[in-house]
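Based on the provided sequences and hints, a complete structural model is requested.
Protein sequences appear in the order of chains C and Y.
Residues 124 to 389 in our numbering are what the first sequence lists, from first letter to last.
Residues 2 to 333 in our numbering are what the second sequence lists, from first letter to last.
Any given hint might turn out to be false.
To be verified - Lysine to any residue pairs mimicking SDA-like chemistry, simulated, CA-CA at most 25 Å apart:
(1) Y/K6 with C/R348
(2) Y/K199 with C/L266
(3) Y/K6 with Y/G17
(4) Y/K208 with C/L389
(5) Y/K291 with C/L266
(6) C/K354 with C/E385
(7) Y/K239 with C/E385
Simulated from the structure, these hints should not be mistaken for lab results.
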Amino acid sequence: MNVIVCVKQVIDPEAPPASFKIDPTGNKMVTPPGVSPVVDPYAEYAVEAALRIKDVQGGKITAISLGANLVPEMVKKPLAMGADELILLADEAFAEGDSWSTAYALGMAIKKLGDYDLILCGREASDWDAGQVGSGIAEFLGLPSVSLARKIDITEGKARVERVTDDGYEVVEVSLPAVITVSNELGEPRYATIKGIMIARRKEPVVWKPADIGVESSQIGAAGRRSQLLKLFQPVREGKCEVAEGDSPEEAAVNLALKLREAKAL
Amino acid sequence: MAEYKGVLIYAEIGEGKLKAISTELLGCGRKLADDLGQELCAVLVGSGVSSLAREAIAFGADKVYVVDDPLLEDYQADSYVSVMAKVVKQVMPQILILGQTSIGRDLAPGLAFRLGTAAATDCIELAIDPDSKLMWQTKPVYGGNAQAIFTCQSYPQIATVRAKAMSPLERDDSKQGEVITIGADLDASAIRARVLEKVREEVEGIKLEEAEVIVSGGRGIGGADGFKQLEELAKILKGAVGASRPPCDNGWVADSLQVGLTGKIVAPNLYIAVGISGASQHISGCSGAKNIVAINKDPEANIFRQAHFGVVGDWKKVLPAFTSKVRELLAE
Ligand SMILES: Cc1cc2nc3c(=O)[nH]c(=O)nc-3n(C[C@H](O)[C@H](O)[C@H](O)COP(=O)(O)OP(=O)(O)OC[C@H]3O[C@@H](n4cnc5c(N)ncnc54)[C@H](O)[C@@H]3O)c2cc1C
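What follows is the structure in structure tokens.
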């Protein structure tokens, strides 16, 4: 099994909400000071899904990251977890893309790689929360896709996927190669081992520029967008919290109930 | 682009009825269509769904397209994207709106890529720009830490809309409308994925999305046992139990109880968050609640910036006293 996993670098989504600020000159989020970028959490679940498949089937896992300003120690995390190869689509021209231009570039890189059975993505990246790139890669490559996987089993050229639905899950069988996006119901990604970290440190990622994957700069990144970002803003939250006090937690609790009653919330 | 006209709603069906999200989409679509001075259409896709066309009209549609085929019994990207691409080519709407549900999340991007246009997912506001007549698509980004407004200059402009972000219209059974059937023309052999089984994991009692009161627990609850106490309070308040993501990930409660960006969107009258820090991704799911109450031992927790009422303290001490006082007040 050759599995390709698409892994995005993002601003740590669990950084304190108050640390998220918008660059006043551009429509961009500023990386909060002291907060280092991380591998998108859902992409980590996708790497974990790939590793579980490799644990059973053997094979090779190739991670691909796309962007500008990729931090080498960060994007190597999939290698440290157990992936075999890392490809970086690293160039200014790839930056500020939307789902369309990102999926296009990833699709072209995957086409160049050629030999694959399965492509995994996280269900959505935690910056734009769009959840579209998996479907896009599938369309560009003419492959079937299944989203929101919580379990993937491979048997005889097919994947059996448990897909999360609004009221439970469904079991979907899809022919391979296919694109599958992975959700957190899969279960915690494994930690990198010391050995893995050592291997990752020595491993040089392959770097591809737009020309290497046969794309024009007009088709990728900001230039290749099909949606325009008009404005980025942070709505001000007014209102304050009425904290119930008391000499003991129990007394505060009673006062809370009384306050709620008074406000007709009970 | 001139030949594209009208607003099309993808109406989802569940248990033989229009889902709540579908009536919300019709309400929102009606406003957009009126602002454009154009028609509001709905499309129903599935097996045995024709009878619901009247419903869509009663909730605001001028026209309803129906694609009814046994092969469309279950949602599956291959068949639904191809059917919807066909519908869009025939109807040529300027705007197509779907729900941000397990179907819409999958169908909208697939369709946008197939048609060469762009989709904005999880929108909470849609409006027509009076100058350009393009749709402004507002969606939370960075887990809810910011919002973005997108436009798309190719038709159809596609958006999915978050549950409970829009209000349905009053049902009007006297409203007239046209029903048009479109053939699915599916080739069964071209469907590369098949649904083998559907499993419902609904918990007993009041549905989370419909509950007027929700008692939600977070990582601070510490285990499945603690949730029994939340259940007791929920029962007294005739409400439902919810959770942040860690209790679901840890198996303390069912995954279906997760509230938030990637879980359920709820808007109860009362939302009691116990041992929940108030991460933006969680708040995304409950910010529509009329009253948010926080019980947390950390006075600096973000939840106190979101809540209307709160207590700083250990829930193990606060909750039993709160529960018995509530029981007493409700008995009066
Ligand atoms: C893309 C993405 C999507 C996500 N989607 C969701 C989602 O849909 N829903 C969701 O909930 N999360 C989601 N998350 C995760 C989210 O970022 C947070 O990690 C999560 O909400 C934290 O849950 P928590 O508040 O229960 O845990 P923590 O943040 O660990 O908070 C626990 C809280 O409990 C308090 N506490 C501990 N012990 C006690 C005690 N004895 N008494 C009182 N208080 C106590 C602590 O003070 C703390 O504030 C998502 C994350 C990402 C990146």
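Evaluated hints:
{"no.": "1", "hint": "Y/K6 with C/R348", "result": "holds (24 Å)"}
{"no.": "2", "hint": "Y/K199 with C/L266", "result": "holds (23 Å)"}
{"no.": "3", "hint": "Y/K6 with Y/G17", "result": "violated (30 Å)"}
{"no.": "4", "hint": "Y/K208 with C/L389", "result": "holds (19 Å)"}
{"no.": "5", "hint": "Y/K291 with C/L266", "result": "violated (45 Å)"}
{"no.": "6", "hint": "C/K354 with C/E385", "result": "violated (41 Å)"}
{"no.": "7", "hint": "Y/K239 with C/E385", "result": "holds (19 Å)"}
Comparing the model with each numbered hint stated earlier shows that hints 3, 5 and 6 do not hold.
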